[in-house]
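There are 2 protein chains.
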Amino acid sequence: MTYKQTFENCFSSTENGDQDWVRTAFMKALSQTETIASSLSVLKDEGRLPILELPEKLDDLTALSEHPFVTEKDYNRFVVVGIGGSSLGAQVLVNIRNKDDAPYLHFWDTLDYHVMRPHLSGSKLKETRFLLVSKSGTTPEILAQVLLVIEALNNEGGMRAVSQQCLVICEPGDNPLGYIADKWNIPRLDHDPDVGGRYSAFSLVGALPALIAGIDMNEVRRGAKEVLDDTLTNPESAPRVSAALNHALSDICDVRMNVLMPYSKQLEPFTHWFRQLWAESVGKEGRGSTPLNALGPIDQHSQLQLWLDGPNDKFFTLIINQDDDASPLMDVSLADNIPELDYLKNHRISDVVHAEAHATAKTLADRGKYLRCIYIETLDERTIGALMMHFMLETIFTCHLLGVNPFDQPAVEEGKRLTKMYLKGEG
Amino acid sequence: MTYKQTFENCFSSTENGDQDWVRTAFMKALSQTETIASSLSVLKDEGRLPILELPEKLDDLTALSEHPFVTEKDYNRFVVVGIGGSSLGAQVLVNIRNKDDAPYLHFWDTLDYHVMRPHLSGSKLKETRFLLVSKSGTTPEILAQVLLVIEALNNEGGMRAVSQQCLVICEPGDNPLGYIADKWNIPRLDHDPDVGGRYSAFSLVGALPALIAGIDMNEVRRGAKEVLDDTLTNPESAPRVSAALNHALSDICDVRMNVLMPYSKQLEPFTHWFRQLWAESVGKEGRGSTPLNALGPIDQHSQLQLWLDGPNDKFFTLIINQDDDASPLMDVSLADNIPELDYLKNHRISDVVHAEAHATAKTLADRGKYLRCIYIETLDERTIGALMMHFMLETIFTCHLLGVNPFDQPAVEEGKRLTKMYLKGEG
Numbered sequence: 048m049t050y051k052q053t054f055e056n057c058f059s060s061t062e063n064g065d066q067d068w069v070r071t072a073f074m075k076a077l078s079q080t081e082t083i084a085s086s087l088s089v090l091k092d093e094g095r096l097p098i099l100e101l102p103e104k105l106d107d108l109t110a111l112s113e114h115p116f117v118t119e120k121d122y123n124r125f126v127v128v129g130i131g132g133s134s135l136g137a138q139v140l141v142n143i144r145n146k147d148d149a150p151y152l153h154f155w156d157t158l159d160y161h162v163m164r165p166h167l168s169g170s171k172l173k174e175t176r177f178l179l180v181s182k183s184g185t186t187p188e189i190l191a192q193v194l195l196v197i198e199a200l201n202n203e204g205g206m207r208a209v210s211q212q213c214l215v216i217c218e219p220g221d222n223p224l225g226y227i228a229d230k231w232n233i234p235r236l237d238h239d240p241d242v243g244g245r246y247s248a249f250s251l252v253g254a255l256p257a258l259i260a261g262i263d264m265n266e267v268r269r270g271a272k273e274v275l276d277d278t279l280t281n282p283e284s285a286p287r288v289s290a291a292l293n294h295a296l297s298d299i300c301d302v303r304m305n306v307l308m309p310y311s312k313q314l315e316p317f318t319h320w321f322r323q324l325w326a327e328s329v330g331k332e333g334r335g336s337t338p339l340n341a342l343g344p345i346d347q348h349s350q351l352q353l354w355l356d357g358p359n360d361k362f363f364t365l366i367i368n369q370d371d372d373a374s375p376l377m378d379v380s381l382a383d384n385i386p387e388l389d390y391l392k393n394h395r396i397s398d399v400v401h402a403e404a405h406a407t408a409k410t411l412a413d414r415g416k417y418l419r420c421i422y423i424e425t426l427d428e429r430t431i432g433a434l435m436m437h438f439m440l441e442t443i444f445t446c447h448l449l450g451v452n453p454f455d456q457p458a459v460e461e462g463k464r465l466t467k468m469y470l471k472g473e474g
Numbered sequence: 048m049t050y051k052q053t054f055e056n057c058f059s060s061t062e063n064g065d066q067d068w069v070r071t072a073f074m075k076a077l078s079q080t081e082t083i084a085s086s087l088s089v090l091k092d093e094g095r096l097p098i099l100e101l102p103e104k105l106d107d108l109t110a111l112s113e114h115p116f117v118t119e120k121d122y123n124r125f126v127v128v129g130i131g132g133s134s135l136g137a138q139v140l141v142n143i144r145n146k147d148d149a150p151y152l153h154f155w156d157t158l159d160y161h162v163m164r165p166h167l168s169g170s171k172l173k174e175t176r177f178l179l180v181s182k183s184g185t186t187p188e189i190l191a192q193v194l195l196v197i198e199a200l201n202n203e204g205g206m207r208a209v210s211q212q213c214l215v216i217c218e219p220g221d222n223p224l225g226y227i228a229d230k231w232n233i234p235r236l237d238h239d240p241d242v243g244g245r246y247s248a249f250s251l252v253g254a255l256p257a258l259i260a261g262i263d264m265n266e267v268r269r270g271a272k273e274v275l276d277d278t279l280t281n282p283e284s285a286p287r288v289s290a291a292l293n294h295a296l297s298d299i300c301d302v303r304m305n306v307l308m309p310y311s312k313q314l315e316p317f318t319h320w321f322r323q324l325w326a327e328s329v330g331k332e333g334r335g336s337t338p339l340n341a342l343g344p345i346d347q348h349s350q351l352q353l354w355l356d357g358p359n360d361k362f363f364t365l366i367i368n369q370d371d372d373a374s375p376l377m378d379v380s381l382a383d384n385i386p387e388l389d390y391l392k393n394h395r396i397s398d399v400v401h402a403e404a405h406a407t408a409k410t411l412a413d414r415g416k417y418l419r420c421i422y423i424e425t426l427d428e429r430t431i432g433a434l435m436m437h438f439m440l441e442t443i444f445t446c447h448l449l450g451v452n453p454f455d456q457p458a459v460e461e462g463k464r465l466t467k468m469y470l471k472g473e474g
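If you read the sequences in order, they're chains A and X.
Counting in this note's numbering, the first sequence runs without a single skipped number right up to 474 at its last residue.
Counting in this note's numbering, the second sequence runs without a single skipped number right up to 474 at its last residue.
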């Protein structure tokens with residue numbers, strides 16, 4: 048496996064006498080994952096849960112690899128116009144390469160005009176292709192942005208520029224985004240209606256931006272498949288064990304928050320992707336813990352005081368990348384080898400990060416906080432595929448243990464209706 | 048005042064019968080703020096709490112404005128090497144201008160070598176000045192980065208380049224960073240030992256990067272002073288009312304999380320600054336609520352489901368910037384005026400953001416969630432100064448009501464000690 052998971056202390060807390068209750072609840076939940084795994088296997092085999100079929104699919108990747116947006120190198124900038132599930136998964140995948148590598152991919156997951164304007168005029172506009180993504184084809188933010196893009200391109204080069212520099216991804220059939228695509232001769236790719244946004248990273252929504260960025264999607268899916276196969280068959284697999292522990296900790300220890308803290312800047316979008324995945328899946332019917340994104344070591348300087356000394360109401364996950372970076376060995380002779388810098392001698396920057404990660408893990412555990420560590424050897428395509436699949440499955444299993452549907456998000460419709468009313472002046 | 052604060056519904060929740068208890072606890076806490084305000088006034092008048100004197104100071108800003116890093120325009124890039132309080136306040140201030148404006152300011156609040164490397168070689172290195180900031184002068188991350196910076200500059204242009212392109216900010220006296228500055232002839236500016244990192248935004252740590260970026264620090268302090276004066280004298284002032292409400296909601300309604308969600312991308316660093324301010328201040332002795340940063344409207348697509356339908360354990364603050372952006376009116380004739388797009392007709396992108404903000408506020412309130420809204424007319428220097436002062440004071444008053452010290456952070460020393468041990472191979 049591409050990662051290793053440990054629970055340092057969740058069954059050994061001495062702060063209260065709960066540890067036996069936690070273990071009992073954990074064992075019970077773990078045994079329940081057997082039924083869930085069986086149901087998921089059936090759904091997968093019957094073709095009723097496409098997100099579980101994606102890891103072993105091959106033909107769609109071949110087709111995507113041959114798409115002009117991937118093969119033709121005549122544009123060096125791409126803007127992905129999407130929000131939530133239409134953007135975050137792609138950001139995770141693209142971010143494992145160096146940020147400055149060409150082609151340059153920008154994500155407009157905001158409505159701030161300051162962010163959009165630079166791409167909408169002058170030389171940047173001429174060099175840029177736009178991926179316009181909305182699963183339903185009705186997301187107001189995306190439709191507003193699409194109108195701006197089309198107006199700018201049309202002013203610059205007419206319908207030809209619009210159809211050449213844009214690509215639409217939405218569900219097949221009639222919807223406003225699809226209508227706009229057809230009217231302007233913009234090529235359309237079909238978003239599978241049965242692949243929900245927050246679970247769509249391995250589908251074309253994540254894969255196409257990743258392929259443009261030069262990411263090997265076969266390896267991403269290979270990493271995902273290893274985790275999926277293990278989870279569906281192995282009762283001790285990491286996602287099932289974690290789901291059972293999540294459930295036991297909320298039930299017995301009143302754990303309300305789920306903190307994800309990688310010690311790797313490249314995994315920052317991963318924490319945002321996880322936040323949506325977890326929040327939209329578990330947050331239903333008054334239930335569900337709240338996800339918190341964090342980043343090591345920077346958040347040691349902003350959150351650690353509260354985590355260590357505040358209420359014991361959080362489950363912590365540290366992701367520790369054990370790879371060395373390419374930084375030079377620190378030369379403390381530049382500071383005359385003063386004794387206060389001894390500890391930095393002959394180390395790389397990545398050694399400091401590793402030491403801080405291990406120190407934070409030990410400090411949290413020693414204080415009786417609920418802690419899991421995930422260790423990875425290198426952050427490559429296979430690993431990121433494995434981590435994404437792990438957290439999708441951990442989320443799905445946790446939802447089933449909690450008794451909520453992992454795949455819907457029924458509560459947000461009212462806000463959407465009001466937004467349209469206010470814009471129409473009916474508020 | 049530069050902002051307006053409302054509590055939509057915190058005393059009118061129909062979900063449970065708690066509203067009278069909330070109001071009683073709130074009134075009691077509000078009356079206690081009188082004693083706190085008196086104590087703070089005394090500390091301020093006696094010069095024992097410098098963070099409260101900064102808003103009315105003028106002479107230090109004059110001196111900083113004349114610093115070569117501000118006046119000499121021969122470098123177009125600046126890297127602020129700092130972490131936590133040495134970086135976040137400056138990021139908030141700098142971020143109210145357009146991101147692409149010159150000079151370009153970059154913040155290394157990470158140890159990722161991918162982020163640092165581009166600045167450490169070639170033409171970027173020659174164009175860049177480095178602000179090396181650590182209050183204590185002992186922060187391991189900063190010392191490690193400083194060694195890399197000095198090595199790179201020294202290889203390029205010897206001690207002359209080092210002393211010309213670097214500036215150190217740390218406490219006066221002996222400390223490793225100060226030692227390095229003296230050895231390499233790097234100019235030093237003194238960090239006031241009595242101004243704690245997370246409260247230091249109005250001091251030179253925030254002000255110098257802001258002045259380099261062209262921010263009017265006099266206006267920032269003016270906005271802060273208006274809020275401070277009001278808070279020390281007016282029992283109904285916004286920070287005191289908010290602190291009392293925070294206290295009542297945790298006490299009576301088991302509110303565990305404090306969500307800050309501006310509808311403005313430019314306020315994103317503000318949410319990170321607030322997160323540290325709140326977490327390090329309130330998180331002590333098993334007490335304190337957990338801050339959550341969010342951003343509208345993007346997080347409606349990732350968090351709102353949980354917020355609306357999950358546990359009612361959060362206090363929400365929406366910051367709504369009512370200013371219009373400069374985007375063109377949306378032209379729905381580009382989509383043949385199809386009825387599905389009627390609601391976008393003749394609106395700007397900022398209208399969509401405003402409508403979503405108001406819709407989210409109403410939806411949260413209608414569901415019985417605890418909600419505060421802060422309305423601003425325009426995001427300028429005076430407003431950002433006011434908002435920062437507001438949240439510092441809200442935090443300080445909340446801590447006093449909670450019975451914890453707002454200014455220390457005693458719990459994080461163990462992790463620092465372990466980090467050094469691990470690097471020395473003693474782990």
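Rather than coming from a laboratory, the hints here were simulated on the basis of the structure.
Bear in mind the structure is a predicted one, so any value in this text is a computation, not a measurement.
Using N, Cα and C, we set each Cβ at its ideal position, and we do this for glycine too.
A few of these clues could be false.
Chain X regions said to be covered by chain A (calculated; three or more residues, Cβ under 8 Å) [to be verified]:
hint	segment
1	258-270
2	281-295
If you only want the chain X side, here are some residues facing chain A, beta carbon under 7 Å, derived [said to hold, decoys possible]:
hint	residue
3	Tyr160
4	Gly225
5	Ile227
6	Asp229
7	Arg235
8	Ile299
9	Arg303
10	Lys331
11	Gly357
12	Asn393
13	Ile396
14	Glu403
15	Asn452
Verification of the hints:
Check on the segment 258-270 of chain X: 0 of its residues sit with their Cβ under 8 Å from a Cβ of chain A, so the three-residue criterion for coverage is violated. Restraint check on the segment 281-295 of chain X versus chain A: 0 residues with Cβ-Cβ distances below 8 Å, three needed, restraint violated. At a threshold of 7 Å, the smallest CB-CB gap from Tyr160 of chain X to chain A is about 4 Å, leaving the interface hint in force. Interface hint at Gly225 of chain X: violated, since its Cβ lies 11 Å from the closest Cβ of chain A, which is beyond the 7 Å cut-off.
Because the smallest distance between the Cβ of Ile227 of chain X and any Cβ of chain A comes to about 5 Å, under 7 Å, the interface hint for this residue holds. The beta carbon of Asp229 of chain X comes no nearer than 10 Å to any beta carbon in chain A, farther than 7 Å, and the hint placing it at the interface is violated. Evaluation of the Arg235 of chain X hint against chain A yields a violated restraint, the C-beta minimum of about 15 Å exceeding 7 Å. Because the closest C-beta pair between Ile299 of chain X and chain A is about 16 Å apart, greater than 7 Å, the hint is violated.
The criterion of a C-beta within 7 Å of any C-beta in chain A is met by Arg303 of chain X, whose closest approach is roughly 6 Å, and the hint holds. Among the interface hints, the one on Lys331 of chain X holds; its C-beta lies about 5 Å from the nearest C-beta in chain A, closer than the 7 Å criterion. At a threshold of 7 Å, the smallest CB-CB gap from Gly357 of chain X to chain A is about 4 Å, leaving the interface hint in force. Annotation: interface hint on Asn393 of chain X violated; nearest CB of chain A at approximately 10 Å, more than 7 Å.
Residue-level restraint check for Ile396 of chain X holds (minimum Cβ-Cβ distance to chain A is 5 Å; threshold 7 Å). The interface hint given for Glu403 of chain X is met, as the beta carbon of that residue sits about 5 Å from the closest beta carbon of chain A, less than 7 Å. The restraint placing Asn452 of chain X at the interface with chain A is violated, with a minimum CB-CB distance near 11 Å, outside the 7 Å limit.
Of the numbered hints given earlier, the model fails hints 1, 2, 4, 6, 7, 8, 12 and 15; all others are met.
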